[in-house]
Amino acid sequence: MNRVIQVRTTSTNWLRAVGNRLLDVAPLLVALILAFLVGSVLLLALNVSPLAGFSSMLQGAFGSENTIAETLVKATPMLLVAIGICISFRGGMINVGGEGQMIAGAVAGVTVALALSTSPSLIAVPLSIFAGFLAGAIYGGLAGWLKAYFNVNEILSTIMLNAIAVQMMNYLLNGPLLDPTEAGVNHVPKTARIAEQLQIARLSIPLPEGVAELFSLQNAELFARTRLHWGLIIAIVLAVLAYFLLWRTTIGYRIRAVGENERAAKYAGIRVRWNMVLAMLFAGGFAGLAGVVQVLGLQYRLQTDGSATGFTANAGFNGIVAALFGGLNPLGAIPASIFFGGLLVGAQKMQRDLGVPAALITSLNGLIVIFAVSSEYFRAALARRRSLGGGSMSGAQPVTAPPETAETRIDPGDSIGLVSS
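For what it's worth, my numbering labels the leading residue of the sequence shown as 175, then goes sequentially.
What you were told as hints is all true, and nothing was included just to trick you.
Taking CB as the label site, the calculated pair distances span:
#1 N240 to A289: 28 to 36 Å
#2 A442 to E383: 54 to 62 Å
#3 A532 to P380: 32 to 40 Å
#4 I338 to A200: 38 to 46 Å
#5 F236 to W404: 15 to 23 Å
#6 F236 to M342: 35 to 43 Å
In case anyone wonders, no lab produced these hints; they're calculated from the structure. Note that this is a predicted model, so its numbers are computed, not measured. Virtual Cβ for every residue (Gly too), placed ideally from N, Cα, C.
With the sequences and hints as input, model every part of the structure.
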């Protein structure tokens with residue numbers, strides 16, 4: 175009898191947990207549906223069938239081996255930036271400096287790679303990647319330091335640091351880092367090409383015998399002739415590690431505690447200022463990593479047309495969108511980055527097939543952000559309803575905390591999660 179009751183209790187708890195997860199995801203799904211409904215209205219205003227438009231976009235993003243690879247290529251830097259955004263936003267720091275931090279990481283990484291062009295790859299590649307992470311971390315940490323110790327708004331400081339990074343890159347590419355053999359070619363300033371042994375290898379997946387013929391693939395290895403590289407695997411592994419950092423370590427607990435309530439964290443003995451800076455160090459480091467991976471894995475040199483988007487392709491800003499849509503969870507940022515990477519790649523096909531302006535996709539991204547941020551209100555309302563036992567929020571009675579005892583006292587250093595998502 176006791177075993178039956180235990181099984182029923184376990185089943186009930188499992189169903190309740192699944193239901194809570196679905197309620198967490200529901201606001202984001204509603205945001206996505208609303209964004210596409212508004213996008214459909216915009217397409218109709220352009221005399222384009224929404225069904226034809228979104229079908230073309232879907233086919234352009236996931237319709238073939240090459241388009242899937244391009245979607246994943248676009249998603250890679252976006253995911254790395256999104257991981258850092260998850261950490262900084264969880265720490266209460268609104269980081270919009272991903273573009274500048276990407277540039278800082280790319281400049282540092284390519285400088286080390288060019289300086290170590292004759293060194294063994296086992297030494298030069300890790301050093302280049304570490305240099306990119308460190309440069310981005312310093313650049314992001316500067317904004318965190320200004321906020322923590324001088325109360326300088328981090329939104330303004332990161333925007334200004336973006337502009338400084340662009341001008342710094344333009345100076346270096348037209349001076350110390352300019353490749354003399356490429357000077358004047360296409361009027362695009364660029365560095366020398368990175369040595370082949372220092373480039374991040376292309377990613378291909380061997381297929382079982384007969385699978386290639388079954389799906390009419392040209393090669394026995396999936397993605398063999400595409401631009402997809404191992405940076406994608408690096409990004410996914412780091413997303414998993416970042417999740418454990420945030421929800422399974424004392425460091426992550428303290429960062430989230432500061433983001434939830436600075437005053438309460440201070441009274442709990444947590445170093446608020448240091449953790450604000452630390453959150454921005456992580457955010458800048460991951461964005462810098464996105465920059466150096468983009469250079470070592472895709473472009474093989476640093477080049478620009480004079481604007482930030484000439485190198486980053488807006489990955490620094492799109493990473494914010496992916497992080498928000500992923501619920502500020504590094505694991506959720508993985509599918510979110512792939513989704514938005516698909517939007518960017520699919521938009522190109524929709525533009526070619528139907529003559530739809532690329533600005534429509536930018537508008538669609540903006541709509542998703544607006545609805546996703548708005549959905550946080552409903553997510554919070556659902557969380558309050560669940561915490562009050564599912565009753566009416568307006569008629570619920572306040573919950574009185576039990577008296578603190580030696581058994582219930584929480585040490586500030588304990589790794590206890592504030593948010594389960």
